[in-house]
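2 protein chains.
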Amino acid sequence: MSGATHCPKGVRPLTALAALLGCASFPPALASCTPLRADATTGVELFRESATSKAAPAPYVQDLADGVGPRPAGSENGHKAVAWALDKMKTIGLQNVREEPVTVPHWVRGDEHAELLLPEPQKLVITALGGSVETPEGGLEADVVEVATLDALGSISEDEVRGKIVFVNTPMERTRSDEGYSRASPVRSGAAVAAAKKGAVGAIIRSVATGNARFPHTGYMHYEDNVAKIPAAALAVPDAMMLDRFIKAKKQVRIRMTAGGKSLPEVTTANVVGEVVGQEKPGDVVLIGAHLDSWDLGTGALDDGAGVAMVLETANLIAHAAERPRRTLRCVLFANEEFGLSGGRAYAESHSGELANHVLAMEADFGAGGAYEVSFLAGPAAAKPMAELSAPLSPLGVGLAVPNERHGADLWPMRGAGVPMAEVAQDASTYFDYHHTADDTYDKIDPPTLAQATTVFATFAYAVSRSVHDLGRAPVKKLPF
Amino acid sequence: MSGATHCPKGVRPLTALAALLGCASFPPALASCTPLRADATTGVELFRESATSKAAPAPYVQDLADGVGPRPAGSENGHKAVAWALDKMKTIGLQNVREEPVTVPHWVRGDEHAELLLPEPQKLVITALGGSVETPEGGLEADVVEVATLDALGSISEDEVRGKIVFVNTPMERTRSDEGYSRASPVRSGAAVAAAKKGAVGAIIRSVATGNARFPHTGYMHYEDNVAKIPAAALAVPDAMMLDRFIKAKKQVRIRMTAGGKSLPEVTTANVVGEVVGQEKPGDVVLIGAHLDSWDLGTGALDDGAGVAMVLETANLIAHAAERPRRTLRCVLFANEEFGLSGGRAYAESHSGELANHVLAMEADFGAGGAYEVSFLAGPAAAKPMAELSAPLSPLGVGLAVPNERHGADLWPMRGAGVPMAEVAQDASTYFDYHHTADDTYDKIDPPTLAQATTVFATFAYAVSRSVHDLGRAPVKKLPF
Chain G
-5 MSGATHCPKG VRPLTALAAL LGCASFPPAL ASCTPLRADA TTGVELFRES
45 ATSKAAPAPY VQDLADGVGP RPAGSENGHK AVAWALDKMK TIGLQNVREE
95 PVTVPHWVRG DEHAELLLPE PQKLVITALG GSVETPEGGL EADVVEVATL
145 DALGSISEDE VRGKIVFVNT PMERTRSDEG YSRASPVRSG AAVAAAKKGA
195 VGAIIRSVAT GNARFPHTGY MHYEDNVAKI PAAALAVPDA MMLDRFIKAK
245 KQVRIRMTAG GKSLPEVTTA NVVGEVVGQE KPGDVVLIGA HLDSWDLGTG
295 ALDDGAGVAM VLETANLIAH AAERPRRTLR CVLFANEEFG LSGGRAYAES
345 HSGELANHVL AMEADFGAGG AYEVSFLAGP AAAKPMAELS APLSPLGVGL
395 AVPNERHGAD LWPMRGAGVP MAEVAQDAST YFDYHHTADD TYDKIDPPTL
445 AQATTVFATF AYAVSRSVHD LGRAPVKKLP F
Chain Y
-5 MSGATHCPKG VRPLTALAAL LGCASFPPAL ASCTPLRADA TTGVELFRES
45 ATSKAAPAPY VQDLADGVGP RPAGSENGHK AVAWALDKMK TIGLQNVREE
95 PVTVPHWVRG DEHAELLLPE PQKLVITALG GSVETPEGGL EADVVEVATL
145 DALGSISEDE VRGKIVFVNT PMERTRSDEG YSRASPVRSG AAVAAAKKGA
195 VGAIIRSVAT GNARFPHTGY MHYEDNVAKI PAAALAVPDA MMLDRFIKAK
245 KQVRIRMTAG GKSLPEVTTA NVVGEVVGQE KPGDVVLIGA HLDSWDLGTG
295 ALDDGAGVAM VLETANLIAH AAERPRRTLR CVLFANEEFG LSGGRAYAES
345 HSGELANHVL AMEADFGAGG AYEVSFLAGP AAAKPMAELS APLSPLGVGL
395 AVPNERHGAD LWPMRGAGVP MAEVAQDAST YFDYHHTADD TYDKIDPPTL
445 AQATTVFATF AYAVSRSVHD LGRAPVKKLP F
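Going down the list, the protein sequences come from chains G and Y.
Going by the working numbering, the letters in the first sequence line up with residues -5 to 475, in that order.
Going by the working numbering, the letters in the second sequence line up with residues -5 to 475, in that order.
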């Protein structure tokens, strides 16, 4: 087979297929036998076909969700998850598998329960938002004042709020994209500060959630220096709707809530990293990531077990592809996305010297829905190469990549170095029914759907890692928080 | 208006409508101006049209679920529910509104939590079945042995079960009718006895539930004399599926569970009864019922707030109908259906002398779904009158009544007296996603759908109470438990 000596190590001749395609020397090291683009496209299409039939990400989710379970930042299970990820990467056969130390906060949830006292006694279903201070011994008892939005809270008088628990009742819209969540989630992060500024003694929010299952949804919230730190919790949607009915009927609503948690000393854990080293441009990094941590209520199957599985199965497919990548595919399973992006920050800092060589970064952190679009945030001339790189996705139901600023949260710190980003948009129509609740469990995964999303993710990552396109640099932006 | 003097009290002349229908003397006392059947049909059709536009049952559900909340047998809220029901019946203007004393058991749930210990530690979501004894101090810890069905449990050896916790993992089929529930619920009632007979120390079941939301479903279970009373609990479906995955993978599964409850002294509460007394045959009783109690986990909006609302709104519509019933419509809101049919038993006993005059009994206790069928269990010659009585339901999407043995549980004790039964079958496709869980809350009600079911229920009850048909007697059957 002529040209075989030029093939990179790991390339397996596919003689029959090569003959079928009319290429005598298929598939040796590609730059050396055929023009780059045609050849790369062919290789990517072959990869896509293989991935379509082979991609099996769901067992990774099952193994992580069942076998490790909830793995919040700083927890013992966080360490188990690191060991789990190292083992999986080694089993796949990745190169340079390693832990990169990350220091994470360690907040632990306390007992939580709440009771409606007026107008009629009844249990309420709540959960503390992540990082909330604890309510006083015996619970926090106060009247409730409802506002529809954070803006509305900003405009009412302190007299109406002082000494009360503020209830921010903002429903979340169900959307396929991230739009519903993007609009609703600021309530969760900002309610405590906004309420405290008006003199409130506590803040409760309608869960940032689609649907009306009686699960409260936890998630990150923040405090500000010089603003009183008041306890903050999410009500399950049915309970929020009930309070709203009472308040709309002009009834006095009074509750007692026990919620919050304690901050323990920081813990050192790790980002878990493994690579398929590029054959031609090993210093060029195509980063694919997901986050290994989860919230504490469920088993983190969707958030972000699904993303972890997409990354590991992508790595598996690419590590065993007929043609190895030209650029280095680097898989990063980040520590603590949920509670402050510790892993993303640590990665950007410790790799600051090579971020200029990160040609693209992608994170899978939007559940287990089907992929319907690829978007990118890159240099001004990136549209054309992105179109070429995404063209092979068409048979998977995904059109040419479109410009869009969205990307995984762990990638934020890399924007300071202008690293180009891409995002495989997944259908999130039902994701926020489960997200950050006890109901985020493995049974919510539909394996064929997750396999489709993985195939899109993997094929696009493969296309980029096989290419030598310059995607330019994304506009530099500092982490806004 | 000729014939007006023959109109029963309460009948309001509808002159314009009468003219439109070409009936000079419409609507006087019907037997006295036109042949019964045509006349009754016309009256029922007018009632149906009025009910279609006026029926508004949902506010009753909201008021009961939000304002009283969970109301299990023997609870303080049970008394509040009785007061609530008396008030509603009086407000409607029912006659003979009264409490009829019922003694009910009083079981109270204790703390409940469970942990998977092997193969990997993780929380499990469980709830005690109603009536379960308590686990020992510190919880019950044992290996788990899984069986697919109660039959399978019957056929395995005691050696495989002794000292273990039996896990009965029978999935429930989603059906529009009661079929799925009828097939699955014996697991709940019978698992503890079947497991104890084999030497098990505890029993857990996959929740009798459709869907896979992480709510455990409680419900009635029983013990037998001379069989050890072991604790029994339901696992949420996701947790049951996880145990099954571990066991199928040949992993040792060991759990620790804290669950069960205490039986307190019996409590005297009441069935709440009110009537629209028949104009012509006041001794003939058409009974419509629902149960006032609920399980303790949710607010009992679907089970059986919806049924209570259907009965109250039916009473409201009939009490204010243009033509009053010939027979007495008796509304009974039963105490304690869930935990042993106390109210149904007490009613049958205290009214034994007049059950021969109960021409029909109907109970609404199958959620808030749309009505799609009416069925009956009556005498051998009942098909023809049932067809006549149900013919006006056609515009509501319900065909002629069909024979079927199903009926509400509270009516069981009346079968000993051969009381004919009817059932308005409601679509239960999603009912068992919520049934007996914390998620049975008011937001699960779709008011127009519940109004349709109520209109069917009310129109049929009205047709029977307006008629003088003899529906015969149903085959006598003794309460099987």
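Hints in this document: simulated from the structure, not taken from any laboratory.
Bear in mind the structure is a predicted one, so any value in this text is a computation, not a measurement.
A couple of the hints might just be wrong.
If chains are identical, the list can't say which one is meant, so a pair holds when it fits in one copy or spans any two.
Below 30 Å or equal to it, Euclidean Cα-Cα: the simulated DSS-like pairs (lysine-lysine) are [unchecked claim]: (1) K256 - K244; (2) K117 - K158; (3) K378 - K275; (4) K223 - K158; (5) K275 - K192; (6) K192 - K471; (7) K48 - K242; (8) K74 - K223; (9) K74 - K191; (10) K245 - K472.
How the hints compare with the structure:
{"no.": "1", "hint": "K256 - K244", "in the structure": "neither (36 Å within a copy, 39 Å between copies)"}
{"no.": "2", "hint": "K117 - K158", "in the structure": "within (19 Å within a copy, 34 Å between copies)"}
{"no.": "3", "hint": "K378 - K275", "in the structure": "within (21 Å within a copy, 86 Å between copies)"}
{"no.": "4", "hint": "K223 - K158", "in the structure": "within (14 Å within a copy, 48 Å between copies)"}
{"no.": "5", "hint": "K275 - K192", "in the structure": "neither (57 Å within a copy, 67 Å between copies)"}
{"no.": "6", "hint": "K192 - K471", "in the structure": "neither (32 Å within a copy, 67 Å between copies)"}
{"no.": "7", "hint": "K48 - K242", "in the structure": "between (55 Å within a copy, 24 Å between copies)"}
{"no.": "8", "hint": "K74 - K223", "in the structure": "neither (32 Å within a copy, 39 Å between copies)"}
{"no.": "9", "hint": "K74 - K191", "in the structure": "neither (40 Å within a copy, 40 Å between copies)"}
{"no.": "10", "hint": "K245 - K472", "in the structure": "neither (46 Å within a copy, 48 Å between copies)"}
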